Every structure is written in structure tokens, then in C-alpha cells.
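First to last, the sequence lines map onto chains S and G.
Under numbering that gives the first Met the number 0, the residues of the first sequence are numbered 0 to 192, in order.
Under numbering that gives the first Met the number 0, the residues of the second sequence are numbered 0 to 266, in order.
If you're looking for bench data, these hints aren't it; they were derived computationally from the structure.
Nothing here was measured: the structure is a model prediction, and the numbers come from that model.
Some hints could be false.
The calculated lysine-lysine pairs, modelled on DSSO-like cross-linking and capped at a C-alpha distance of 30 Å, are [to be verified]:
(1) G:K71 <-> S:K176
(2) G:K119 <-> S:K18
(3) G:K189 <-> G:K253
(4) G:K112 <-> S:K2
(5) G:K112 <-> S:K176
(6) G:K58 <-> S:K170
(7) G:K7 <-> S:K176
(8) G:K119 <-> S:K109
(9) G:K119 <-> S:K2
(10) S:K176 <-> G:K119
(11) G:K232 <-> G:K7
(12) G:K112 <-> S:K18
(13) G:K119 <-> G:K189
(14) G:K112 <-> S:K109
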Amino acid sequence: MIKYAHRESAIHALRPQAKLVFLVVSISLLVFFGREAAVSFGFLALSLVLYSVARISPARTISSNRAIFAVLLIPFLFNLLAFSPERAITNAAYLSSVILLSLLFVMTTKPSDFANALASFLVPRRIAFAFSSALNFIGYFERSIERTRVSQLSRAGSRNPLPLIVPVLHKAFRKAKTLSISMESRGFDPDRL
Amino acid sequence: MEAVGLSKISFSYPGSRQILRDVSLRIKKGEFAGIIGNVGCGKTTLLMCMNGTIPNVVKGEFSGESRLFGEKLEGRPPAEVWGSAGLVFQNPDDQIFAPTLDEEVAFGLRNAKLSESEVKIRVASALEFAGLSNLASADPCNLSQGQKQKLCIASVVAMGPKLILLDEPSSSLDNKSAEEVYALLDSLNKKGTTIIVVEHDTERLAKYARRIIVIENGGIALDGGREVLASPKIEKMGLKVPCSVKFSRKLGRKIAYSPEEFGVGKK
Chain S
0 MIKYAHRESA IHALRPQAKL VFLVVSISLL VFFGREAAVS FGFLALSLVL YSVARISPAR
60 TISSNRAIFA VLLIPFLFNL LAFSPERAIT NAAYLSSVIL LSLLFVMTTK PSDFANALAS
120 FLVPRRIAFA FSSALNFIGY FERSIERTRV SQLSRAGSRN PLPLIVPVLH KAFRKAKTLS
180 ISMESRGFDP DRL
Chain G
0 MEAVGLSKIS FSYPGSRQIL RDVSLRIKKG EFAGIIGNVG CGKTTLLMCM NGTIPNVVKG
60 EFSGESRLFG EKLEGRPPAE VWGSAGLVFQ NPDDQIFAPT LDEEVAFGLR NAKLSESEVK
120 IRVASALEFA GLSNLASADP CNLSQGQKQK LCIASVVAMG PKLILLDEPS SSLDNKSAEE
180 VYALLDSLNK KGTTIIVVEH DTERLAKYAR RIIVIENGGI ALDGGREVLA SPKIEKMGLK
240 VPCSVKFSRK LGRKIAYSPE EFGVGKK
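Using the sequences and the accompanying hints, generate a full structural model.
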């Protein structure tokens with residue numbers, strides 16, 4: 000699940016601004032130098048160390064986000080067929096590092112801290128709040144898709160993902176409507192952000 | 000003093016039939032009132048008129064005047080009246096959005112621009128009140144439905160409102176969880192908070208509410224003390240009559256409104 004996971008760890012306790020800067024710098028380095036095997040594998044090893052410090056299992060993270068990692072197969076096969084196995088593996092390590100580091104940031108930073116970190120870098124509060132709220136909704140979407148899929152399969156539904164779209168969107172709109180009223184009744188006013 | 004004052008409220012959602020028709024209602028400060036009625040009769044809509052969600056957030060054809068603690072609600076959205084009224088919806092899953100319980104409770108307090116130390120104190124106190132202190136850092140998705148409902152109540156209680164409005168708080172709860180939720184509401188009411196609950200569970204209302212308002216076709220059909228639940232109209236409308244009322248009638252005894260009053264559990 001792409002959401003905050005509370006642990007008593009040094010990484011969770013770090014200032015969100017520091018984590019955000021580290022993430023941006025790491026991804027920038029990977030984008031510019033990721034084709035070097037040493038850089039890609041170095042960052043992959045670093046991300047595994049950071050997961051261990053954060054007390055989050057990388058295996059479980061990969062398993063629960065397998066759809067994202069499955070997409071990596073496309074560039075992997077492309078590189079394998081068009082270039083060389085070395086390049087395919089290096090590229091996979093580079094993309095995996097980007098995804099693992101991004102997920103680690105999300106799993107160790109509370110959305111409200113994320114919003115505050117963005118705001119401290121002069122990102123408008125409205126946009127920062129929209130970002131952190133969107134992060135909260137990812138987990139909700141994942142759960143909603145899973146429940147709807149199981150419900151449809153139990154009624155002899157097919158594995159076709161298209162029939163999922165309407166009920167999941169309907170639920171998401173209903174949640175968004177109720178949530179917005181609930182947030183307003185707890186003093187939330189977007190105009191004051 | 001009057002907590003809620005509705006005068007000749009009528010409302011219809013855009014493109015829909017009229018949901019509320021000329022409803023006038025006064026609820027005093029400190030009351031524990033229950034609103035019952037059949038599905039689609041306008042109970043939830045009435046609740047949303049009480050804190051200004053209608054007409055300020057949910058739009059439609061609205062007429063009449065709604066007041067909260069004597070102040071007009073028109074033009075004052077719920078974000079402005081949070082200190083006076085808190086609203087808890089039927090489905091906790093639709094309201095909870097934070098990754099941990101303490102963040103969920105802190106949301107409203109941070110909107111109120113309270114200091115972080117004050118937020119911490121209030122969060123701890125609200126979670127303790129709801130019996131969720133040991134789960135402060137847990138993910139709300141992993142809570143039981145009863146715990147989620149308690150979390151929603153805690154996040155409203157933390158704001159310290161004088162009135163709490165709840166839409167069917169026990170609809171998806173087992174008996175034990177529902178009893179726990181109502182015990183929380185009862186303790187708040189005893190401390191002076193006005194409680195207004197839309198509910199299907201007449202057993203629970205018979206035990207806790209001291210005023211019952213019955214809605215039928217967008218208007219108030221009955222309004223009074225718990226004796227309303229023993230009215231023949233309740234059965235005619237297809238609403239559930241509390242078991243203790245039925246047993247009392249069968250046995251020709253004085254009407255009891257809860258198993259405790261009936262004598263269940265007494266030796």
C-alpha cells in the first residue's frame with residue numbers, strides 16, 4: 000500500500016524537509032547518472048539499507064506494490080531485446096531505486112508533514128495540501144479496487160478490469176463528497192490555506 | 000437556551016422531489032434527542048440543516064431559517080461553526096482519511112490553528128475518552144467498525160463542540176460496539192453537550208434519548224418524550240417498537256422503555 004506506515008525509527012523521526020531534499024537529490028542523481036551500473040546498484044543497495052533502518056520490509060513493499068514493479072518488465076524486456084542484458088539489468092536497478100526511495104519517503108512521512116515540508120519550500124499551501132490529500136486517496140483507491148474486484152469475482156465476474164471503473168469511481172466521488180463536508184465541519188477552509 | 004432552531008424549513012435537492020416540508024423544530028441546550036423515520040424521509044437532510052451544511056455546502060432549493068445557539072446559519076458554512084456543532088456521518092470509512100488515529104483527531108485542531116502542544120493534549124484526551132489511546136499511531140484502516148465510529152466521534156469531541164450531530168452511528172455496529180458508542184454519547188450529554196442522533200435502532204434511543212422526533216414524508220409526525228416510541232403510529236409507519244415496550248404491553252404492565260426498566264438482569 001502506498002501510505003504512511005508508522006514505526007519507531009530514525010528515518011521516521013527525521014525532519015520531512017530533510018527527507019524531501021534527499022529524495023529529490025537522489026532521484027536527480029539517478030536520472031543523470033543512472034546508466035552507470037555502480038550508481039544504480041549503489042542506490043539500490045542504499046535504499047535496501049534505508050528500508051532496514053526504517054524497519055520496513057522491502058520484500059513486503061514490493062509484494063504489495065507489485066503492479067508498479069510489474070510495469071518495470073516493459074523497459075526491461077525492451078532493453079534486453081534492443082540493447083544488452085547488462086543495460087536491461089542496470090536500467091531495472093535504476094528504476095527500482097527510484098520507486099523504492101519514493102515509496103520509502105511516502106511510508107515514513109505523514110501526509111500533513113509532507114504538506115508542511117512542501118509549504119516550507121514555498122510551494123503554495125493549497126497545492127501542498129492537494130498533494131498530501133492525493134497521497135491519502137491512493138490507499139483508499141487500492142482498498143476500494145480490491146474489495147470491488149473480490150465482490151465481482153464472488154459473483155462470477157470476469158477478471159476484466161473495466162467493470163471495476165464505474166463502482167470504484169462512484170465510491171470515490173461519494174467518499175470525496177462526504178469527506179469534504181466532514182472536513183468543513185472540523186474547521187477546514189480551503190480559502191484560509 | 001436553544002441549541003437548534005429551525006423555522007419552516009423546506010428543502011429539495013437539485014432535480015429531486017421536496018425532501019423537507021415546512022419543518023419547525025426547537026432543541027434545547029443539553030438535550031439528547033433521537034430522530035427516527037423510514038428510509039428517504041429526510042432525517043439526514045434535517046440533520047445537515049442543523050449545522051448549516053444545508054444550504055451553505057449542499058446546494059438545493061432551500062427556504063426557512065435555521066439557527067444554531069441563537070445565531071443564524073445562513074451564509075455561515077460548517078467551517079465557521081465548528082466550535083458550536085460537530086457532525087458525524089453514518090459511514091466512518093467515508094470520513095476517515097489520515098494515516099494514523101492521532102493525525103485524524105488532530106486535523107480539526109490544526110485547522111483551528113491551535114498550538115502543537117495544545118493539539119497533543121487534546122488529541123490524547125479525545126483518544127482516551129474514546130478508549131483508543133493505545134492505538135494512537137495505528138492505521139485507522141485496521142480498526143474494527145466500532146473503533147472507527149469511536150474515532151470519528153473522538154475527532155469531533157476534540158474540537159469541543161457544544162452540539163454533536165450523528166447520522167445512524169450504530170448502523171454497521173454489533174450490539175456491544177453500539178452500546179459502547181452510545182455510552183460515550185451519554186457521558187458527553189451528562190457533561191452538558193447537546194446530542195442529536197438520527198437512528199433506526201429504537202431500542203438504543205429508548206434507553207438513551209430523552210426526546211424522540213419522528214419524521215414522515217419530510218415533516219414532523221410525532222415529537223415528545225420516550226412515550227412516542229409506544230405510540231401506535233410507530234407500528235403503522237413500519238418502524239420498530241422497542242421489545243421492552245412490546246413485552247410490557249403483552250404482560251399488561253406499565254410501559255418500560257429499556258430492558259433495565261423492564262427488570263431484565265434484576266434478581
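message: For K119 (chain G) and K189 (chain G), compute the direct alpha-carbon distance and say whether it is at most 30 Å.
response: holds (25 Å)
query: Does the structure keep K112 (chain G) and K2 (chain S) at a Cα separation of 30 Å or less?
result: holds (25 Å)
message: Can you confirm whether the C-alpha distance between K7 (chain G) and K176 (chain S) stays at or below 30 Å?
response: holds (27 Å)
task: For the pair supplied as a hint, K119 (chain G) and K109 (chain S), confirm whether the alpha-carbon distance does not exceed 30 Å.
output: Distance of about 16 Å is within 30 Å: holds.
task: Take a quick look at whether K232 (chain G) and K7 (chain G) sit within 30 Å of each other, Cα to Cα.
output: Holds. K232 (chain G) to K7 (chain G) sits at ~23 Å (cutoff 30 Å).
query: Straight-line Cα separation of K189 (chain G) and K253 (chain G) no greater than 30 Å?
result: This hinted pair holds, its Cα atoms lying about 27 Å apart.
message: So if I understand the rule, the pair passes when the alpha-carbon distance is 30 Å or less; does K58 (chain G) with K170 (chain S) pass?
response: Within the cut-off at roughly 20 Å; holds.
message: So if I understand the rule, the pair passes when the alpha-carbon distance is 30 Å or less; does K119 (chain G) with K2 (chain S) pass?
response: Cα-Cα ~22 Å, so holds.
message: Check whether the Cα positions of K112 (chain G) and K18 (chain S) lie no farther apart than 30 Å.
response: holds (25 Å)
- request: Verify the proposed pairing of K71 (chain G) with K176 (chain S), using a straight-line Cα cut of 30 Å.
  value: holds (24 Å)
query: Given the hint that K176 (chain S) pairs with K119 (chain G), does the C-alpha gap stay at or below 30 Å?
result: Distance ~28 Å between K176 (chain S) and K119 (chain G) Cα, so the pair holds.
message: Does K18 (chain S) sit within 30 Å of K119 (chain G), going by the straight-line distance between their CA atoms?
response: holds (24 Å)
Comparing the model with each earlier hint shows no violations; every hint is respected.
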